[in-house]
Every structure is written in C-alpha cells, then in structure tokens.
Amino acid sequence: MNCYEHTLIAKGDLSEVDMKKLFDKYSDVINKNSGKVVKTEEWGLRPLSYIIKNHKKGFYFHLKLEGTGKTIEELEKTEIIDKSLLRFLTVKVKKHNLEINYFEKKDL
Amino acid sequence: MAFKKKGKKDGKYSKSKSSSYSGLSLFQKPGVKFFKSCPLSVKDAPVVDYKNIRLLKKYMSETGRILPSRITSVSQKKQRELSNAIKRARILALLQ
Numbered sequence: 001m002n003c004y005e006h007t008l009i010a011k012g013d014l015s016e017v018d019m020k021k022l023f024d025k026y027s028d029v030i031n032k033n034s035g036k037v038v039k040t041e042e043w044g045l046r047p048l049s050y051i052i053k054n055h056k057k058g059f060y061f062h063l064k065l066e067g068t069g070k071t072i073e074e075l076e077k078t079e080i081i082d083k084s085l086l087r088f089l090t091v092k093v094k095k096h097n098l099e100i101n102y103f104e105k106k107d108l
Numbered sequence: 001m002a003f004k005k006k007g008k009k010d011g012k013y014s015k016s017k018s019s020s021y022s023g024l025s026l027f028q029k030p031g032v033k034f035f036k037s038c039p040l041s042v043k044d045a046p047v048v049d050y051k052n053i054r055l056l057k058k059y060m061s062e063t064g065r066i067l068p069s070r071i072t073s074v075s076q077k078k079q080r081e082l083s084n085a086i087k088r089a090r091i092l093a094l095l096q
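Protein chains in written order, with the numbering used here: chain L, 1 to 108; chain V, 1 to 96.
It should be emphasised that the hints constitute simulated quantities derived from the structure, not laboratory data. Treat the hints with care, as some may be off.
Claimed, not checked - Computed cross-link-like contacts, DSS-like style, restricted to lysine-lysine with a CA-CA straight-line distance of at most 27 Å:
no.: 1; chain 1: L; residue 1: K56; chain 2: V; residue 2: K58
no.: 2; chain 1: L; residue 1: K36; chain 2: L; residue 2: K83
no.: 3; chain 1: L; residue 1: K92; chain 2: V; residue 2: K58
no.: 4; chain 1: L; residue 1: K53; chain 2: V; residue 2: K57
no.: 5; chain 1: L; residue 1: K70; chain 2: L; residue 2: K36
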C-alpha cells in the first residue's frame, strides 16, 4: 500500500448539493478499488491564479488516501471524462502529515 | 547583505574610515562571515511543501518567477525541492 495525496478542482459555479455528490462519487471509486480514504480536507471556493476553461474561481477538495497504483489509475480514468472538474493532481508521499492544514479558515 | 554596515553613531571619523566597499574589501577581518547560510537547512526550518503557499511566495519574484539560489542563498538540495513544489502549486493554480 502506498500513500497518496489527491487534490481536485471543481467548477466554481456548481451548487453545494452537486459538490457533495461529486465528492461522494470519488470517495466511492477509491473504496471500491481496494483503497482507503484517511483524511479529507475542504479548501473551499478559492480564486484561481490564472483562468482555466473560462473559469476564475474553483472549489478545492483534498484527499489523503492509501492504495495501490491501480486505485489511482481507476480514479484518474473517471476524472478525465468528468466535465464538472477543472483539474486534479496526485502526489505520492512517504508518510501522511495529518496535523497541518495550510488552508484552514480562521474565524475572525 | 550579511556584512554589517557601520552606522553614523561611531562618531566624527566613521565617515572617512568606512567606505561602501568595506564589507567586500581585501583587508576584511578573518573570522567574519560574509555569506549567509541556507535558511531552509537550519534546525526547526519549515518543511517545503506545495500546499504551503506563504513559504513558496518568499522565494518567488513579484512577477511569479523562481528566484535563483545565489540571491536567496538556499542550498542546492533545498532549491531542487523548492522548484518542484512551486511547479506543483502552479498546476493547481495556487501560484502564478
């Protein structure tokens, strides 16, 4: 089993119900393909630093997961077809750092 | 930079004694450090990560280019980690 970090950017103009559906859809894909979600982070709606497909804002999801190479293969295969996503990135890490969340919202 | 500038507090004669080249001079005192050490290799230094945008922005110019290590005095190994992290953050549209 390897440790991965996976980030998704969905289109900013989707409703909250669609976001949750999208999020559940991909965590299902991971669980079906012998993977396991360790931690989820919602970075929320953020301005993109450059325009992607005529979009200025994106909704960020961050998943920390364990799985094999096939898990990632299946996950990315379904994401390429999805039209409500702008971008995704998978990074292999040696160990999960579950303490720090750089995008945590601080209450004023 | 690293060398200390002699202020005007030293007195009347400080102006004539210290020129602007004093730190670079051939007659520099032995044992005085001239170069900075790497700020990311120290104990308790922050971890270079593509999610830590606040750290990465320190090592970029205003227009979004990666600064060379000869200016920031980052070690070769850490500079490689930095440039990889910045490029990952660019894919996610976190940085320019």
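Hint consistency between K56 (chain L) and K58 (chain V) [alpha-carbon to alpha-carbon, up to 27 Å] | Holds, because 24 Å separates the two Cα atoms, which is no more than 27 Å.
Going straight from one Cα to the other, do K70 (chain L) and K36 (chain L) come out at no more than 27 Å?
-> Given that 27 Å is the threshold and the Cα spacing comes to 13 Å, the pair holds.
Mind checking the alpha carbons of K53 (chain L) and K57 (chain V) for me, to see if they're no more than 27 Å apart?
-> holds, 25 Å
Holds or violated: K36 (chain L) with K83 (chain L), Cα cutoff 27 Å?
-> holds, 25 Å
Given the proposed pairing of K92 (chain L) with K58 (chain V), does the C-alpha separation stay at or below 27 Å?
-> holds, 25 Å
The earlier numbered hints are all upheld by this structure, with none contradicted.
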